[in-house]
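Q: Take the sequences, apply the hints, and build the full model.
In order, the protein sequences belong to chains Z and D. For the first sequence, this note's numbering begins at 18 and goes up steadily by one. For the second sequence, this note's numbering begins at 38 and goes up steadily by one.
Hints in this document: simulated from the structure, not taken from any laboratory. Ideal Cβ positions, reconstructed from N, Cα and C, are used throughout, including at glycine. Misleading hints may appear alongside valid ones.
To be verified - Cut-off 30 Å, straight-line C-alpha distance, at most; resulting in silico cross-link-like pairs (DSSO-like, lysine-lysine):
{"id": "1", "chain 1": "D", "residue 1": "343", "chain 2": "D", "residue 2": "427"}
{"id": "2", "chain 1": "D", "residue 1": "164", "chain 2": "D", "residue 2": "399"}
{"id": "3", "chain 1": "D", "residue 1": "399", "chain 2": "D", "residue 2": "427"}
{"id": "4", "chain 1": "D", "residue 1": "348", "chain 2": "Z", "residue 2": "132"}
{"id": "5", "chain 1": "D", "residue 1": "403", "chain 2": "Z", "residue 2": "132"}
{"id": "6", "chain 1": "Z", "residue 1": "132", "chain 2": "D", "residue 2": "341"}
{"id": "7", "chain 1": "D", "residue 1": "127", "chain 2": "Z", "residue 2": "132"}
{"id": "8", "chain 1": "D", "residue 1": "403", "chain 2": "D", "residue 2": "127"}
{"id": "9", "chain 1": "D", "residue 1": "348", "chain 2": "D", "residue 2": "399"}
{"id": "10", "chain 1": "Z", "residue 1": "202", "chain 2": "Z", "residue 2": "182"}
{"id": "11", "chain 1": "Z", "residue 1": "132", "chain 2": "D", "residue 2": "87"}
{"id": "12", "chain 1": "D", "residue 1": "164", "chain 2": "D", "residue 2": "348"}
{"id": "13", "chain 1": "D", "residue 1": "212", "chain 2": "D", "residue 2": "127"}
{"id": "14", "chain 1": "Z", "residue 1": "132", "chain 2": "D", "residue 2": "343"}
{"id": "15", "chain 1": "D", "residue 1": "339", "chain 2": "Z", "residue 2": "132"}
{"id": "16", "chain 1": "D", "residue 1": "164", "chain 2": "D", "residue 2": "403"}
{"id": "17", "chain 1": "D", "residue 1": "339", "chain 2": "D", "residue 2": "427"}
{"id": "18", "chain 1": "D", "residue 1": "127", "chain 2": "D", "residue 2": "87"}
{"id": "19", "chain 1": "D", "residue 1": "339", "chain 2": "D", "residue 2": "399"}
{"id": "20", "chain 1": "D", "residue 1": "87", "chain 2": "D", "residue 2": "341"}
{"id": "21", "chain 1": "D", "residue 1": "127", "chain 2": "D", "residue 2": "164"}
What the hints assert, rightly or not - Just a few of them, taken from the derived set where beta-carbon distance is under 8 Å, the chain D residues facing chain Z:
{"id": "22", "residue": "209"}
{"id": "23", "residue": "213"}
{"id": "24", "residue": "236"}
{"id": "25", "residue": "237"}
{"id": "26", "residue": "242"}
{"id": "27", "residue": "246"}
{"id": "28", "residue": "253"}
{"id": "29", "residue": "277"}
{"id": "30", "residue": "287"}
{"id": "31", "residue": "289"}
{"id": "32", "residue": "292"}
{"id": "33", "residue": "305"}
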Amino acid sequence: MLLTSALISGLGLGAMYGLIALGFHVTYSVSNTVNFAQGSAVMLGAVLGYTFMVTLGWPFWAAVPAALAGCALLGLVVERALVRPFVSRGSDSWLMATVAGGILLDNTVLFTFGKEPRSLPSPLASEPVSLFGAGVYPLQLVIPVVGIAIAVVLQLVFRRTRLGKVLLAVVQNRDAARLMGIDAKAVVATSFALAAVLAGIAGLLIAPLYSVHSEMGMLFGLKAFAVAILGGITSAPGVVIAGLLYGVIEALVTAYLGSTYTQIVVFSVIILALTLMPNGLLGRAAVNKV
Amino acid sequence: MTRILTSLTRRSILAAGIAAGLAWLPGGGALAADPIRIGLVAALSGQSAKSGEAITRGLSIAIDEINAAGGVLGRPLELVSRDDESNPGKGLLAARELVQRQGVVALIGGLDTPVSLAIVPFANDAKVPFIGPWAAGTPITRNGAAENYIFRVSAVDAYVGEALVEYAVDEYGAKKPGMILINNPWGESNEDALHHALETRGMATAGVEKFETNDVDVVPQLTRLKEAGADTLFMVANVAPSSQVVKSLDRMGWDVPIVSHWGPAGGRFTELAGPSGSRVHFIQTFVFTEDMSGRSAELMAKLKAKYPEIKTIADVTPATGIANAYDAMHLLAVAIGNAGSTDGPAIRQALYGIEEHEGLIKTYRKPFSPENQDALGPEDYVFSHFVEGKILPLGK
Chain Z
18 MLLTSALISG LGLGAMYGLI ALGFHVTYSV SNTVNFAQGS AVMLGAVLGY TFMVTLGWPF
78 WAAVPAALAG CALLGLVVER ALVRPFVSRG SDSWLMATVA GGILLDNTVL FTFGKEPRSL
138 PSPLASEPVS LFGAGVYPLQ LVIPVVGIAI AVVLQLVFRR TRLGKVLLAV VQNRDAARLM
198 GIDAKAVVAT SFALAAVLAG IAGLLIAPLY SVHSEMGMLF GLKAFAVAIL GGITSAPGVV
258 IAGLLYGVIE ALVTAYLGST YTQIVVFSVI ILALTLMPNG LLGRAAVNKV
Chain D
38 MTRILTSLTR RSILAAGIAA GLAWLPGGGA LAADPIRIGL VAALSGQSAK SGEAITRGLS
98 IAIDEINAAG GVLGRPLELV SRDDESNPGK GLLAARELVQ RQGVVALIGG LDTPVSLAIV
158 PFANDAKVPF IGPWAAGTPI TRNGAAENYI FRVSAVDAYV GEALVEYAVD EYGAKKPGMI
218 LINNPWGESN EDALHHALET RGMATAGVEK FETNDVDVVP QLTRLKEAGA DTLFMVANVA
278 PSSQVVKSLD RMGWDVPIVS HWGPAGGRFT ELAGPSGSRV HFIQTFVFTE DMSGRSAELM
338 AKLKAKYPEI KTIADVTPAT GIANAYDAMH LLAVAIGNAG STDGPAIRQA LYGIEEHEGL
398 IKTYRKPFSP ENQDALGPED YVFSHFVEGK ILPLGK
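A: Pasting the structure below:
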């Protein structure tokens, strides 16, 4: 029972980390930059979902796309205001700018949404079902399925569709892509919007198991970045596998060694893994062209 | 000529304006004397802002009552508030500024034990009485100073540990309780207190598990406690993490009694934890009830009149913060009156000298002595639980 429940909660959380980390992967692949406000995008997805569904009483099918549209908008604003101005001048300050943007958003939400954590109810997280002797909410089983499905769809879009080919063209050679008439700026902006939407989906999925408040995303964002590095930020499957591994190791350590050791063991494992595989699980070595 | 006239007129208009403005200050019109300033250092923003709001409400109602009755030493009381943002450094700076610039004669503290602990040495050095209406950390009042200026009208972790163990044994016949504690200094302080209380009864614990404020799933920790044979759980955490414990227990289908510190009282526990939230029995020093009478009903009426956003007792959770602050301010006013002075050492001696005071929480009999600077003890704790958003006392 200990093993089953640890595996299920580990896979659920791991899929979330994977989704958020996929966002880091997408923008990094296209532009060599990431949005360190990914955690805040997780929070924004949940907060908007709560506002539309509970406060305004919108139906699920309207509230979820609206919340994700809000996240996409956040991604566009972050890219335009906090990343592009610095990158175009060859500065690395987008790093600090996106961190600052996240803090700004968290505090804005604190003052508008309120200080008290709220609960986003879901029919999938009210009655536990029994699975191999462990009680789980159906939502906990849905999360890894949705997470892996999104990763697979994303991979298919990249490989099989015109949009994906455009993205890959920019990844492979930005200048050549531009010469072929591809609007590289629009592609980068799209990747930031997509990254924020992935984080928003994670936020909406986790909210019913957790509580909705302005600081909920910070830790998810941090762990997801560790996952992205561990998986090899250039590899989508690597990032997703790393996310699942991270979640499962975290849950197993807590279950068998006790929560005191969780962070110590998990981060030791990450350091060890990166020492042995400096480019992450499935990442490729970066080649700096001068 | 015209110039002088205009400037004169301007000056007199300004003076009239200032006079009119002063008349609007609390008590400024009725009592001409200089107000006696009382400083508040509490969390007025951030996650714990509701605690600062509750303390402010309790203090304000008490000050209104005192000023309506003619003030203290013929002078009105005035509250000067500063936000500590739950940050010890900011709290200490605020306390300094209040004492040195604003000339407050006493300080009232907030919810955060670390902030209060940062102010303790300063208050003792400056010989300014500090009364804590919330933070429960044991070493705040038991600080080892030769001349201790720190008093408290609130729960104390050392007593809470005792009270939780007693409740678990009496109510549930607990033999092997487990602990599920938040991983921070507050959790540590209670771990010590609980261990101590268990040891004095010759009881052993099934295990101690820690969890983080942001943990989504506490099932692994709880499963460890279950497999170790825990028959009752002691819980110490704020409202959101406490609700994660309850939700995890729901999923496990583990129907174990939960005896808790007052964390769940700090927010919308029913909404976060679901109906199972009523399983959590936690301590309070004061609870408003539907059928209250006397002083509680009077206070509730005054709260509703002064703060229109208060409609039912669900809007004044946690009542503990309001009640502790209300009684603290009245005790302080009695002491200043008896001291006949706003001098710190005189107020401190007068606090020790209070023989009997009819308070809201109880009738205080010799509430403070140099041996015990805490006005409330374990006998004053009320076990309560949440039912549909309201904190209701449990019959005991």
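Q: Which numbered hints does this structure break?
A: 5, 8, 12, 13, 22, 23, 24, 25, 26, 32
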